[in-house]
Amino acid sequence: MTAATNQLAAPRTTVSRPRPTSKSRYTLGRTLKYAALIFFLVVVLIPVYVLLVTSFKGTGDADPSRAWALPQIWTLDNWATAWTALAPSILRSVAVVVPSAIIAAFLGSLNGFVLARWSFRGANIVFTVILFGMFIPYQAVMIPLNQLVLDLGIPTGVPTLILLHVVYGIPITTLIFRNYYATVPHELIEAGRVDGAGMLRTYWSIVLPLSIPGFVVVLIWQFTSAWNDFLFAVFFSSSQNGPVTVALNNLANGALLQNYGVSMAGALFASLPTLLVYIVLGKYFVGGLMSGSVKG
Amino acid sequence: MRVNRRMTATVATAAVLGLTLAACGGDTGGEGGGEGGGSQVEVFTWWAAGSEKAGLDALVGEFENQHPDIEFVNGAVAGGAGSAAKDLLQTRLQAQDPPDTFQAHAGMELQDYIDAAQIEDVSDLYDEFGLTDAFPADLVDRLSTEDGAIYSVPSNVHRANVVWANPTVLEENDIDPEAQYADLDAWIADLEKLEAAGVTPLSVGTTWTQVHLLETVLLAGLGAEAYTGLWDGSTDWEGDEVTSALEDFETLMNFTNDDRDGLDWPEATQMVIDGNAAFNVMGDWAVAAFEEQDKELGTDFTATPVPGTDGTFDFLADSFTLPVGAPDAEGAKAWLETVGSLEGQVAFNKAKGSIPARTDADPAEFSEYQQGAIESFANDTIVSSLAHGAATPVATLNAFSDATSKFTTGASDLAGYQSELAAAAAG
Amino acid sequence: MLKKLRRLGPPLLMLTPSLILVGVFVYGLIAANFSTSFTDNHTAAQATGQEPAAFVWFTNYFDLLASEDFQHSLMNLVLYTLVFLAGTMVMGFLWAWMLDKPVKGEGLFRSVYLFPMAVSFIASGVVWRWLLNSNQDEQASGLNRLFQMVGLDFLQNNWWNNVTFGIIAIAVPAIWQLSGYVMALFLAGFRGIPDELREAARVDGASEWKLYRYVLFPQLSPVALSALIIIGHMSLKAFDLIMSISKPANYQTKVPAVDMYVFKSSFDYANAAAVGSILLIIVALVIVPYLIRTNREEKR
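Residue numbers (this note's numbering), protein chains in the order written: chain C, 1 to 296; chain X, 1001 to 1427; chain U, 2001 to 2300.
It is worth saying that the hints were derived from the structure and are not from the lab. Any given hint could turn out to be false.
Said to hold, decoys possible - Pairs of lysine-lysine residues, derived as DSBU-like cross-links and limited to a Cα-Cα distance of at most 35 Å, are as follows: (1) X:1333 / X:1350; (2) C:283 / U:2101; (3) X:1193 / U:2101; (4) U:2247 / U:2101; (5) X:1350 / U:2104; (6) C:33 / U:2104; (7) X:1053 / X:1350; (8) X:1350 / X:1193; (9) C:33 / U:2247; (10) X:1295 / X:1053; (11) X:1053 / X:1333; (12) U:2210 / C:33; (13) U:2247 / X:1295; (14) C:33 / C:283; (15) U:2104 / X:1053; (16) U:2210 / C:283; (17) C:33 / U:2101; (18) X:1295 / X:1350; (19) U:2104 / U:2210.
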C-alpha cells in the first residue's frame, strides 16, 4: 500500500502550487468550514430560539403563525404558571431518578468488578446475558410487567418507577463499570489479594474507592436517561403521581384551552436539570456517552 | 483510605435517604382518599380546570349542603381531556384500589368496567332517588343495559350535533348567516361557495374530532332511528344509505383545513372564532371557548344543529359510578344522590355550561344557549354519541378511529373504509 | 470442593441480586409476554380475569402480520429507522470530521451540537410540534414559514401529514437530537487513532483521501458499528416523539410501539403482547449476532 500511495502522491507534488496560493486555498477551505460549522450551529439552535421566545410571550402572541417573531410584550407569566403546574412532578422526578441511579450504579459496579476481574468459566456468557437486557424493546415486557407490579403490590408512580429504572439500568451500568474496571491497573487490585483479603473486602476497601470516576459517569448516564424516560412513566404513572415527562406531555397536549407559552416554558423547566448536569459535568457526560458504546 | 471509606458511607447514606424521599413521594402521589375518621368520599374526575372545575366546585357546595357529615375528597386528575385520568383509573381499579366514585361517560363506554366486574348496578338507587321519572325516558333507555341494569348516574348532558359558525365570514361571502339548511346537500352548496372564495369552509381537528364529524354526518344521512340501529345491529353498515353518508363525509372532509391532524378541538374551534374558517362541528362544550373570549351568541357566532339533524339530540353525558369495593360505599351513594338531585344538577350545569339530565330544571336559570339546548333535550329524539363513548365500547370506538384516520389520510378508499367500519361495528 | 466454593462464592454472591432481577424482569417477563401473546385475551373481562382466555398459539401473529394497518406500522418503523440512522451518521460524521482538526471555538461547537442529547423527546416534541406544522403558503407557520422568510419556499411541505412518508418528518427531531451523540462517538474515534499512524501515512505521502480511506476509516469502523447499534435501537423511542408531536390515533405516523399502546389501553392484552414480541424478535435478529460477535472478539 505504501508503494501505491507513494506513486499516486508523486504527481501531486509536481503540480503543487506556490505557497501563497496554497495558503489562500487553505483559508478558503477554512472559511468554508467555519461557515458550515456556524450554519449547523444556527440550525441546531433554531428550536431553542422558538422555545425561549415563545415562553416569554402572552397568550395571543404565542401562536404558531408568529413563531419567529420576538414577543410583543415580554412576560414571565408563562414561567410562573408552568412552574406551578410542573413543580410537584419535577420533585417526583427527583425522587425517582436519584435513588434509582444510585442503586443501579452500585449494582452495576458489583457486577462490573466481578465480570472484569474474576475470570470464571462462563463470565462472558453471564455478561452477555445481562447485556441483552439493555437492548430489549421494553414493549416486549410491558404487559406482564404491568401484571407483575400489580401482583407485587407496589404502588404506581414513584416506587414502581424506581424499581423499573434500577432493574433496566443494570445492564448499562454493568457494561460501563466492566469497561471501567478493565482500565484499572491489575497491580492495585492484586495488592489487596496478596494481603489475603477476600473478594468482598477487596471490593469494599480497594475497588470502591477507586470507582469514583466510574460512578460519576454512570450516575450522569442513569440520571439523564431516567429523567428523560417517557415509556415507563406513561405506562406506570399518571400526571398526578408521575415524573415530569408525563406531566409535561399532559400540559402540552391535554389542556382544554391550549397555552403554548406555558407549554414551552414547561418544556424548558423539564429540561433544566439534565441541561445543568450537562453544562456543569459536560466532560463526564461525554465520557459517559463513550462508555455507553459497546466496544468491550 | 479512611476518607474514601467515609465517602462510600456517604454515598450509601444518600442512597437510603433517596429511598426514604421516594417513599414519601409515593405516598403523596395520587392515592388520595383512604383512612381517617368519619365518612368521606373520594370523587375521581378529570375536572381540574376552567369551567369544569367551576362546575365541580358548585356541585361540591351543594353536596356539603345535603350531606354535611361527609367529607369530600377531590381526586381530580388533570389533562388529556380525561385520557390521563382514565389511564390512572385503569391501574387503580386493577390494583383493587378504587376511588369511592369516578367520572365516566355514560353509556357503552362503561362496558369494559362492567365486563371486568369493576362497577355496581345502581338501578335501585334510581328508584330510591326517584331518578327514573326525572330523566327523559329516551335517556334512561340509552343508559340501561339489555337486562335492565344501570351503572351510573348522569350529572350533565352535552349535545354533539352542533355547527358553530362565524356570521361575519359568511356575510362577507354572501351567505345568509340565518339560513337554515334542510339537509347536508344544501350546506355543501354553501361550503363550495366558501371554498371558491378561498376561505376554509369547515374546520376540524385530529382523529377524534373527525369521528365526531362522521357521527353527525351519519345521523344526518340516516335519520335518528337508522343511526341508532347502527349500534344494535339493526342497520346494515354495508348498506347504500351508509355509503352515501360516507360520501358526504368525504365531501365535507375535502372542505377542511390541511393541518387538521395536528390540532385538537380548541384550535379547530378557534379558527371559527378568529374568522379563519366559516364553520366547525363540535359538541356544545365549545360554547365555553366563545364565551371566554367575550363572543356573543347570535352576533359573533351562531350555534345550530348539524344540517339534517334538526329534531335530534345527539347526546353524551358525564356520569358517576359506584365501583365494586369502594372504600366508603355509603359516602359514594350520598354523592350519587347529590349528583342526581335537582339542586345538584342546576348548580353544576350553571357553572359548567352543559345542561341538566333532569327535565324538571327551570330553564330561566341558564344562559341563552343552554335554554335552547334544554328545550331540544326535552323535545327531540335522543341518540347516543359515537365519538364520546355513549354508543359503543372503547375497543369498538378505537377501531372506528383507526379506520377513520386511515381514510382521511388517504390510505384507504371509501369502499375499504366502509368495510372496515362494518368490521369494527361487528367487533 | 470447599476451596472452589470459596473461590466462586463471593463473585456469585455479588452477581446474584442483579442476576435475579435481570432473570425475572427481562427473561421471565419475555417468556410471560410470549405466553400472553399466544392467547385470545382481547377483552377487559379477560384482562381482569373475569373470563378465561384460551390458547390460540400464533393466530394473533398471523392476524397482525396480515393486517394492512400493522404492515403500515412496520413499514413506518423501517422508514423511520433508515432515515434516522442515515441522518445521524452523516451529520455526526460530518461534524466530527470538521471538529477533528484544531478549530477555534471547538468547545462551543461541540457543546451546542451535543446538547439536544440532554433533552427528552417529550420536551423537544413540544416545540417540534410547532415547527412541523403542515400549513403552507399564506397560512404557513413553523419551519414552512421560516422557509418562506429565507426564500426557500420550495422546501415547504406538509411534514408528517403524508400517509407514506410522513414518518420521515418525525425522524427530523430525532436526528436533531442524536447527531451530536454520534459526533461525540466519532470524535472519540478520531482522537483514539494514534498520531503516529497519521504521521506514518503522511510521511509515506498518502493523499488526504487515501489517509481516510486506508488509515482512518478502518480505525473508525468499530465506533461506527457501535453507533449504528445504539442509534438503531433508539429508533424504537420514536414512540415518545409521536406521542408528543402527532397523536397515537393518527394513521400516518403509526409505528408498532404506538399500536401496542393503543391495544393496551383498550384491554387487548394479547395483541399488545404480540406486538411487543414482534419488536423483540426484530431487535434480537440484529443484536444477538452483534453480542455474540463482541463476545467472541473478547475471548481472543
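A quick look at each hint next to the structure:
no.: 1; hint: X:1333 / X:1350; in the structure: holds (23 Å)
no.: 2; hint: C:283 / U:2101; in the structure: holds (19 Å)
no.: 3; hint: X:1193 / U:2101; in the structure: violated (63 Å)
no.: 4; hint: U:2247 / U:2101; in the structure: violated (43 Å)
no.: 5; hint: X:1350 / U:2104; in the structure: violated (66 Å)
no.: 6; hint: C:33 / U:2104; in the structure: holds (11 Å)
no.: 7; hint: X:1053 / X:1350; in the structure: holds (12 Å)
no.: 8; hint: X:1350 / X:1193; in the structure: violated (38 Å)
no.: 9; hint: C:33 / U:2247; in the structure: violated (40 Å)
no.: 10; hint: X:1295 / X:1053; in the structure: holds (21 Å)
no.: 11; hint: X:1053 / X:1333; in the structure: holds (22 Å)
no.: 12; hint: U:2210 / C:33; in the structure: holds (21 Å)
no.: 13; hint: U:2247 / X:1295; in the structure: holds (30 Å)
no.: 14; hint: C:33 / C:283; in the structure: holds (25 Å)
no.: 15; hint: U:2104 / X:1053; in the structure: violated (57 Å)
no.: 16; hint: U:2210 / C:283; in the structure: holds (32 Å)
no.: 17; hint: C:33 / U:2101; in the structure: holds (11 Å)
no.: 18; hint: X:1295 / X:1350; in the structure: holds (18 Å)
no.: 19; hint: U:2104 / U:2210; in the structure: holds (26 Å)
Taken one by one, the earlier hints fail for this structure at numbers 3, 4, 5, 8, 9, 15, listed in ascending order.
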